[in-house]
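In case you want the letters, here they are:
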Amino acid sequence: MTRFWEDIDTGVTYPLGEHAFTAEEIVRFGIAYDPQYFHTDPEAAKFSHFGSLVASGWHTIAMGHRKMVDALHAEAERLKSLGAEPGLSGPSPGINWMQFKHPVRAGDTLSYSMVVASKRPSHSLPGWGILFNHIQATNQNGTLVYRGEVVGFVKMRHTPLGARLVMALARVPGLGSLARRKR
Amino acid sequence: MDNPVTRDRWHFEDLELGRAFTLGPQRVTAEAIKTYAGEFDPLPFHLDEAAAKASILGGLAASGFHTAALSLRMLVEAMLSHCAAMGGLGFEKLSWRRPLMAGDSLGGVATIIGLRRSASNPHMGIVNVHLEMRNQNGQEVMAMTLSNIVEIRHPHPLVLGPAQ
Numbered sequence: 001m002t003r004f005w006e007d008i009d010t011g012v013t014y015p016l017g018e019h020a021f022t023a024e025e026i027v028r029f030g031i032a033y034d035p036q037y038f039h040t041d042p043e044a045a046k047f048s049h050f051g052s053l054v055a056s057g058w059h060t061i062a063m064g065h066r067k068m069v070d071a072l073h074a075e076a077e078r079l080k081s082l083g084a085e086p087g088l089s090g091p092s093p094g095i096n097w098m099q100f101k102h103p104v105r106a107g108d109t110l111s112y113s114m115v116v117a118s119k120r121p122s123h124s125l126p127g128w129g130i131l132f133n134h135i136q137a138t139n140q141n142g143t144l145v146y147r148g149e150v151v152g153f154v155k156m157r158h159t160p161l162g163a164r165l166v167m168a169l170a171r172v173p174g175l176g177s178l179a180r181r182k183r
Numbered sequence: 001m002d003n004p005v006t007r008d009r010w011h012f013e014d015l016e017l018g019r020a021f022t023l024g025p026q027r028v029t030a031e032a033i034k035t036y037a038g039e040f041d042p043l044p045f046h047l048d049e050a051a052a053k054a055s056i057l058g059g060l061a062a063s064g065f066h067t068a069a070l071s072l073r074m075l076v077e078a079m080l081s082h083c084a085a086m087g088g089l090g091f092e093k094l095s096w097r098r099p100l101m102a103g104d105s106l107g108g109v110a111t112i113i114g115l116r117r118s119a120s121n122p123h124m125g126i127v128n129v130h131l132e133m134r135n136q137n138g139q140e141v142m143a144m145t146l147s148n149i150v151e152i153r154h155p156h157p158l159v160l161g162p163a164q
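Listed in order, the protein sequences are those of chains P and W. Every letter in the first sequence is one number past the one before it in our numbering, and letter 161, counting from 1, is 161. Every letter in the second sequence is one number past the one before it in our numbering, and letter 6, counting from 1, is 6.
This is chain P alone, in the form it adopts within the complex:
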């Protein structure tokens, strides 16, 4: 969650909340980003092997990301209210794998959760650590809908001396590109 890298526990499951998917929002997302007939047309969708309108997998994971953003924000607020300093998340470098396991239909309610499966210091971004977040959603019957591994950057509380030197070098014109290597 929004904590410093050193303070993040691996292997602990954090609930991220629920979302109920309506036909209206399934169709709206489908028309905007995934206009396949089983995401946009409830009548035509009856001919598909799904047998009804289903949400785009990308809609369900986008909502999971939203839930995570909200949870990180809530955790930051909680830490501030305790007088503690919240950590800082960086942009995500990517998603290693994502599996859509079960269709989501209008009226389904998904429960999202995440667990930091593992973490390590970043080789490319001094003073930052990398998190391997496993995010998943289950529907109201407890059936797994999707699961995936999303990679995230999070700031370290204590930047190692070597890393501080590299960061200082990165501010020198011409040397910056040497310090800013890929992950």
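Keep in mind that the hints are not guaranteed to be accurate.
To be verified - Under 10 Å between C-beta atoms, here's a sample of chain W residues computed to sit facing chain P:
#	residue
1	LEU43
2	ALA61
3	ARG73
4	VAL76
5	GLY87
6	LEU94
7	PRO99
8	MET142
Said to hold, decoys possible - Simulated crosslink set (EDC-like; lysine to aspartate or glutamate; CA at most 20 Å straight-line):
#	chain 1	residue 1	chain 2	residue 2
9	P	LYS46	P	GLU25
10	P	LYS155	P	ASP70
11	W	LYS93	P	ASP9
12	P	LYS46	W	GLU132
13	P	LYS101	W	GLU92
14	P	LYS101	P	GLU18
15	W	LYS93	W	GLU31
16	P	LYS155	P	GLU77
17	W	LYS34	W	GLU49
18	P	LYS155	P	GLU85
19	W	LYS34	W	ASP48
20	W	LYS34	P	GLU25
21	P	LYS119	P	ASP9
22	P	LYS46	W	ASP2
23	W	LYS34	P	ASP41
24	P	LYS80	P	GLU6
25	P	LYS155	P	ASP9
26	P	LYS80	P	ASP7
In short, the hints are calculated from the structure, not lab data. Just so we're clear, the structure is a prediction, and the values are computed from it rather than from any experiment. Cβ coordinates follow ideal geometry from the N, Cα and C atoms, glycine included.
Given chain P's structure and the hints, the job is docking chain W onto it.
Leaving out everything else, chain W in the frame of chain P:
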């Protein structure tokens, strides 16, 4: 199992390894970036120009999921809407290589890199599609490999092996 929607579309047998589809390009506006982020990724550098300028990204940038969703739409228009598609199994190796900034154009190429019949369902073929997305300067923005199901027109008859 006749589906009037997909009857005349490309089926699994019509697809070839190495076939490539041009995606976009499409210009991405600040308005579109803020609309997507407001619903799915409400972080300051996706929502507010001033906050974005002060951030690590240096300007208003699309949510990575927005970049992926725009790429998906282009893939549907160029390929999947012409196929007897049966949904996605997921994807792997999605990498966001540089942010898509307001005013940038997004375009790319989708290439079929894998075709195999499902082991469990004789009507389903699995198609692996690799996407490489770039901005107007030819710089890599995002890449990923999707796995999608496309209907098989003529399923192989079930062949039973010799009894053990």
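Output the numbers, in ascending order, of every earlier hint that fails for this structure.
Checked against the structure, the hints that fail are numbers 11, 12, 15, 23, while the rest are satisfied.
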